[in-house]
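Participant: So the sequences go chain by chain: U and F. Just so you know, the first sequence maps onto residues 1 to 366 in the numbering used here. Just so you know, the second sequence maps onto residues 1 to 319 in the numbering used here.
Quick caveat, the hints were computed from the structure, so don't treat them as lab data. Take the hints with a grain of salt, since some may be wrong.
[Claimed, not checked] Which chain F residues face chain U? A few, computed with CB under 8 Å, are given here:
#1 Ala48
#2 Gly49
#3 Leu100
#4 Pro106
#5 Thr107
#6 Tyr112
#7 Ala125
#8 Tyr128
#9 Arg131
#10 Leu135
#11 Gly208
Ideal Cβ positions, reconstructed from N, Cα and C, are used throughout, including at glycine.
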Amino acid sequence: MLAMIRKEFREVRRDRRTLAMLLLLPLVLLIVFGYAASFDVEQIKAIVYGPDAEVVEPHLPDKLDVVEVDPTGTKQDGEQALQDQEAVVAIVTGAEPVVLIDGSELFSAKAAQAGVAQMSAETGMTVDVEVLFNPDLSTSAVMVPAIIGFILVFIGTVITSLGIVRERQVGTLEQLAVMPFRASDVILGKIVPYLVIAVIDLVLVTAVGVVLFDVPFEGSFALLALGGLLFLLVTLGLGILISTVSQNQGQAIQLALMTTMPQVLLSGMVFPIDSMAASVRWIAYLLPLTWFIRISRGVMLRGASLASLWLPYLALAGMALVVFSMAVFRFRQDLGARSGRARAADGDGAILEPEPQPEAATEVLS
Amino acid sequence: MSRSDFGVRSLTVEPALRDVDLTAPAGAVTAVVGGDGAGKSTLLRTLAGGIGASADRRCSNVTVPCRAKRSLARRNFRRDKASGLPLRAERGSVTRPAALSIGYVPTGSGFYPDLTVEENIRFAATAYRVRGDDLRRRSEEMLGRTDLASFPDRLAGDLSGGQRQKLALAMATLHEPALLVLDEPTTGIDPVSRAEMWRLIARFAADGTAVVVATSYLDEAERALSVLVLHDGSVLLSGRPDALAATTPGALIDMRQPLDPTLAWRVGRTWRQWIPPGRSDLLASVDLAGNHPVGARLSDAVIVATLKRPSASSKEVAA
Numbered sequence: 001m002l003a004m005i006r007k008e009f010r011e012v013r014r015d016r017r018t019l020a021m022l023l024l025l026p027l028v029l030l031i032v033f034g035y036a037a038s039f040d041v042e043q044i045k046a047i048v049y050g051p052d053a054e055v056v057e058p059h060l061p062d063k064l065d066v067v068e069v070d071p072t073g074t075k076q077d078g079e080q081a082l083q084d085q086e087a088v089v090a091i092v093t094g095a096e097p098v099v100l101i102d103g104s105e106l107f108s109a110k111a112a113q114a115g116v117a118q119m120s121a122e123t124g125m126t127v128d129v130e131v132l133f134n135p136d137l138s139t140s141a142v143m144v145p146a147i148i149g150f151i152l153v154f155i156g157t158v159i160t161s162l163g164i165v166r167e168r169q170v171g172t173l174e175q176l177a178v179m180p181f182r183a184s185d186v187i188l189g190k191i192v193p194y195l196v197i198a199v200i201d202l203v204l205v206t207a208v209g210v211v212l213f214d215v216p217f218e219g220s221f222a223l224l225a226l227g228g229l230l231f232l233l234v235t236l237g238l239g240i241l242i243s244t245v246s247q248n249q250g251q252a253i254q255l256a257l258m259t260t261m262p263q264v265l266l267s268g269m270v271f272p273i274d275s276m277a278a279s280v281r282w283i284a285y286l287l288p289l290t291w292f293i294r295i296s297r298g299v300m301l302r303g304a305s306l307a308s309l310w311l312p313y314l315a316l317a318g319m320a321l322v323v324f325s326m327a328v329f330r331f332r333q334d335l336g337a338r339s340g341r342a343r344a345a346d347g348d349g350a351i352l353e354p355e356p357q358p359e360a361a362t363e364v365l366s
Numbered sequence: 001m002s003r004s005d006f007g008v009r010s011l012t013v014e015p016a017l018r019d020v021d022l023t024a025p026a027g028a029v030t031a032v033v034g035g036d037g038a039g040k041s042t043l044l045r046t047l048a049g050g051i052g053a054s055a056d057r058r059c060s061n062v063t064v065p066c067r068a069k070r071s072l073a074r075r076n077f078r079r080d081k082a083s084g085l086p087l088r089a090e091r092g093s094v095t096r097p098a099a100l101s102i103g104y105v106p107t108g109s110g111f112y113p114d115l116t117v118e119e120n121i122r123f124a125a126t127a128y129r130v131r132g133d134d135l136r137r138r139s140e141e142m143l144g145r146t147d148l149a150s151f152p153d154r155l156a157g158d159l160s161g162g163q164r165q166k167l168a169l170a171m172a173t174l175h176e177p178a179l180l181v182l183d184e185p186t187t188g189i190d191p192v193s194r195a196e197m198w199r200l201i202a203r204f205a206a207d208g209t210a211v212v213v214a215t216s217y218l219d220e221a222e223r224a225l226s227v228l229v230l231h232d233g234s235v236l237l238s239g240r241p242d243a244l245a246a247t248t249p250g251a252l253i254d255m256r257q258p259l260d261p262t263l264a265w266r267v268g269r270t271w272r273q274w275i276p277p278g279r280s281d282l283l284a285s286v287d288l289a290g291n292h293p294v295g296a297r298l299s300d301a302v303i304v305a306t307l308k309r310p311s312a313s314s315k316e317v318a319a
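Between the sequences and the hints, there should be enough to build the whole structure, so can you do that?
Facilitator: Here it is as structure tokens:
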């Protein structure tokens, strides 16, 4: 038995990927759950509008992080500000004071609701509370747009990398490289099916969410589709990159898990980004899923426009450009393709007629 | 190399191959022999080319100079099996037909296990632009030749080892290639299927195709018109199998007990002792009564060449 144990330890030590997973994973999980995994929102971004804004502002609880005070602001301005995600809470003072809460930020909204109720109880004042965008504060309304993103990660990264690695593993990638295909034929031929499946899934999950779970769909589908496409380019690119450094499906799964898990935990899909410690919050902004969830929640729940979502779109477009072109470059290298420039660099006479050689010259006898 | 021949000239692919020449004449089988990591696959892959290798689809035969300009180091699946190092500098030249006239079966596979026999054939047909009547005629012919006609709907992954190789061969030859490159098509399949594979391979050559076959079985290599023996990336022997056997230096004697075990190997129940030229002392001590001098076969020629190569350890030779 001792021999078995010793052999197993040796194998694990040689397999650097498994070793990395064994050592890094607990560390990552610890950091995530220590610093990031919290449903409690410490700070809620708020704006104060209306004639009495400057009077009310100093009396607000510390939990509200007031980012703007504007005595000329109206209720419509408040709604617009919430739609553009400038704040989660808008307090509109005046003859009919009202507190607007952005229901698409589920946990912040719940905390704000509780805060307002507490304040009313303490002061005896009653204030109208309007929860916008997700009035029932339902969890499924917030989760479904995030799940759409998760499914695109799953298809784009996990399934695509497996599909390409399978081709390498059974040896057909080598044959494809020799068949009279262009590199782009092979790469597109490999990617397009997964792209199509992902888009079908996107439509399906959205439809099921809207029909079955009453998830609102306020914005335009085209905007969501654009976000989905950009996001897919990133996840597909990651899938291809993973496949170029994996020799078999096991390795691909390992790597795919390592890229997928942080996205699930840190993207704001489950735990609100606002409640993460600043030391790990920056990681969230490096993850593509974070940006896609902003788009999907924004478009579906708040009916946000491109103007208010330009940052997530820009972030995804930038990532897509970098990751996808890297992926295509590596895939081309894998296929042994020479770029057009390299072929030109070989210069004149890259294609020559064979020179007649005496037959005997081909016989190399040792 | 005559104008209709394919092959490589002074090919070096660091670190797997050094200065290798291979000529694959039309209508003949050329065997590439060598152990694991000898460089067979690298040679065959370079000969068959990759994407962009023959950019112009109209031209017939092209010679492409290989140059060490661009590092291939990042092509991570192209690693030298023996050393594990990435394949780098390429030098020399390759003569091959256009990609549409090349058939290639990589080691162990070349088909899709999750597709049926017919779907696999269809895919190859589309890739090589075999359509309409041509497709019907060729797929009937190839499925018939490979005995796969009776189960077109079976998944390729459910076929036996021999049938899989035949399917891969059918896929690679659907378009009647001018150059057919097969990387160890008979490794790991049963003897009957091996014989059938060779019957098929010989038929392609008879039809005028230049066939290059890598194998680790020397008895198979004997059926080829010419043989290239690779050892550690270099050419150990090259020529017609019978000529190579005939020019084996020294003498071979079958005996029950070897005189010098470092220069002898097992053949069936006896030992085959090699007497190198100039070792008359060894020859003198042979009692020819129960021991028979024998003519060399290709396998003997290869072993002798391995023993007498300069890199063979001095202990081995001197002993």
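Participant: Could you work out which earlier hints the structure fails to respect and list their numbers in ascending sequence?
Facilitator: The structure conflicts with hints 7, 9, 10 and 11, although it agrees with all the remaining ones.
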